[in-house]
Amino acid sequence: MTELQAGQSAQPLEVPRIETRPQRYRDVLIALAAFVLLALLPMVFGSKQLLDFVIRCAAYGLFATSLNLLVGYTGLISFGHGMFFGLGAYGFGLMMQKTGVPIPVAFVATLAMTFVVAVVIGAICVRLKEIYFAFVTLAFQMLIHSTILSWQSLTGGDQGLRGGIPRPPFLGIDLSNHLHLYITSCALLVIGLFLMRQIAQSPFGYTLRMIRDNATRASFIGIDVWRAKLTIFVLAALFAATGGMIMALFVSGAYPEFAYWTISGEGIFINMLGGVTTFLGPMVGTVLLLILNDTVTRLTEYQGIVLGVVILFFAIGLRKGLMDFVVEWFAQRRGEGRG
Amino acid sequence: MKRTRKPGISRRSTLALMGAGAVTFAAPWVARAQAKTIKIGMPTILSGRVAQLGTSSRNAVMLEVEKVNAAGGLAGRQIEMVIRDSKGQPQEAARIARELVNTDGCEMLLDGEASSGSFAVHEVARDLGVLCIHTCSEASSLTADPKQHIPNAFRCVRQGIHDSIVGAGYAAGIAKAKGLKKWATCSPDYAYGRDTTGEFVLYLKKFAPDVEIISESWPKLFQPDYTEVVTKILQAKPQALYSCLWGGDLTSYIDQANIYAMFTQMEVFAVNMADYTALTVVKNLPKGIHSGDRYIKTFPPTPENAAWGDAYKAKYNEYPTNWSWQNATAVMFLNEAVKKANSTDGKKVAEVLAGLTIKCPFGADGTVTMRADDHTLVGYAIGWGTTIPQEPYVPDVKAGDWKAIFELEADWKKSKGYT
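Residue numbers (our numbering), protein chains in the order written: chain Z, 1 to 339; chain C, 340 to 758.
None of these hints come from the bench; they were simulated from the model. Do not take every clue at face value.
Said to hold, decoys possible - Simulated pairs of lysine-lysine, BS3-like, Cα-Cα distance not exceeding 30 angstroms:
1. C:LYS654 x C:LYS559
2. Z:LYS98 x C:LYS378
3. C:LYS486 x Z:LYS48
4. C:LYS686 x Z:LYS48
5. C:LYS755 x C:LYS515
6. Z:LYS98 x C:LYS375
7. Z:LYS48 x C:LYS687
8. C:LYS755 x Z:LYS98
9. Z:LYS48 x C:LYS375
10. Z:LYS98 x C:LYS486
11. C:LYS559 x C:LYS576
12. Z:LYS48 x C:LYS378
The shape of chain Z in the complex, shown without the other chains:
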């Protein structure tokens, strides 16, 4: 019997399929519960500051979690992810100011524009590795920031998009009403996190982890590494742009600072604070950073020193993000309990 015949007669290898449906149902339930909880918050606490806080959490949370899809799951340390946050804010703001289309249309059109830009930039960047990838993404971010500053007739230059973003009501939702904006932001946050969770837990998500751990090996078993990296780069850009749109709605404008490298720096900082090994790490990091920022700004103008000390504590003291630390601590305790 030739090898070929042997191969033909052999039974196909049974690969046990992991049933992901229960996990997805659990995620749907958690997402629904989280949304209901967030939606009930204004009824329990009347604080407008709390609503503002959650809206900002939604914007930064989507941005930071999408950055973690690149940093934590794929090993692509992007220093220029903020460009998509800025693109989202500007794309949406300009669309609403110049064309007067309904909000959902502007939302989808902004995502489409971000998609095109991310495909072009990603196609160039994801070929590069490590520090080269980081620096080229940073270079593209600065290019976009410079374009925003220079294209004054369209973007308003350093003064940003002025005159407010019109928010005509749609489907009974009036985003100029702060409560409606709050509920919409919460919905976008929950849907965004749910989708990112599904990406992270899908076979594609595990492919990304494999690329992060050993790209050569992944390539040898037939994975198109470039395509996988480009796909996640574009998907992450879309979620970052959604964050930017929430921020544009919150401040009723778009400013060049949204596309500056400091926004990307804040994203990295949030990931360091919250941790990159757990899915909710960046969300916890966002809440932590915003609480820190808001309380420290109230108390002192030397907030830079305080935030610096905090990041030193996490980087040198804990050597990991808060969620990484908590998860490890629980695992250790469970291990000790069994032992």
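Dock chain C against chain Z, hints included.
For chain C alone, kept in the frame of chain Z given last:
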């Protein structure tokens, strides 16, 4: 070991209980006293490269607020300022402005933000309907553009267009007298730099049609090294140079240009030179730089202005800045408007503020006006002069003519499609 503490209520517990009791009984009085105060919120920049904007604004506001409070407050209510740092980030400026109104209970806002931050706070004022006076943003479009107009926002700040009109008139006179035809420009590469330079050149050519711009340089904002810009200008060999660099950028530029003896080779017109922040920091201030007045205590040459400058210096051990007089004027406006309205209600105060003229140490004729149609400050002292290396730094300032400013400003608004 024997325990020495006796059972029962300890001295500490007794004291704590007494304290709690006192607080409980005093609470209504404290609350009543608090209701009598009026909180005014102020988002501004207190950290980073332009922290001096915020600190000198805060100083001036506190100087004036103390006077108002000593005189009985705003309609009998003592002012409590709540001042927070936005770090120059528009999203932070918006957040803080909202927090000041929604959480801290501020009834009015003094917006000490520059550039994009002021537009972000403007949107908060539009959204919340709170009375807001911008005190630092010189961007003309903030009030000139009718799209920005809201009944509850005002701007108590000098404007680039006013400076350009007065500066170009002054420069054209010197250009004609000295035959300065070849000009170069060197201004920061952002909206303020480009707009102000464009407007200056426009009016300079209008007043002196022979003038020709032979070189333009646009260094980046906060650029540390100007060697390339200085050598480019020297190679072009202009007879005069215009610049609207400001603060640290201007002082770095002058220090570096001094090495190349630039100021002996051409007439220099630097609109933002005559501000103590720049005048006192430059190592060797060249004689004969032409500058607009930002703030100097000798212009307007009145005892009131000199006294105000000295009082500020005595309190803070430094001279005021351009931002200082603007913020002080905003508090003066609020005080007068509340007196006239006999109320601290934001709407009533806003109605009075539109078109209000008040006595002010920084007025060209001793008064300044909050123009009714675009809610912006006019009638402030504006002029140009030449520098000397020691006090009073700009001894002879030639005052601008507000009639001419109004006429040309109206034309400019038409050309921009604002009217």
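Status of each hint after checking the structure:
| no. | hint | in the structure |
| --- | --- | --- |
| 1 | C:LYS654 x C:LYS559 | violated (35 angstroms) |
| 2 | Z:LYS98 x C:LYS378 | violated (38 angstroms) |
| 3 | C:LYS486 x Z:LYS48 | holds (27 angstroms) |
| 4 | C:LYS686 x Z:LYS48 | holds (22 angstroms) |
| 5 | C:LYS755 x C:LYS515 | holds (29 angstroms) |
| 6 | Z:LYS98 x C:LYS375 | violated (46 angstroms) |
| 7 | Z:LYS48 x C:LYS687 | holds (25 angstroms) |
| 8 | C:LYS755 x Z:LYS98 | holds (18 angstroms) |
| 9 | Z:LYS48 x C:LYS375 | holds (23 angstroms) |
| 10 | Z:LYS98 x C:LYS486 | holds (13 angstroms) |
| 11 | C:LYS559 x C:LYS576 | holds (22 angstroms) |
| 12 | Z:LYS48 x C:LYS378 | holds (18 angstroms) |
Violated hints, in rising order: 1, 2, 6; the structure is consistent with all others.
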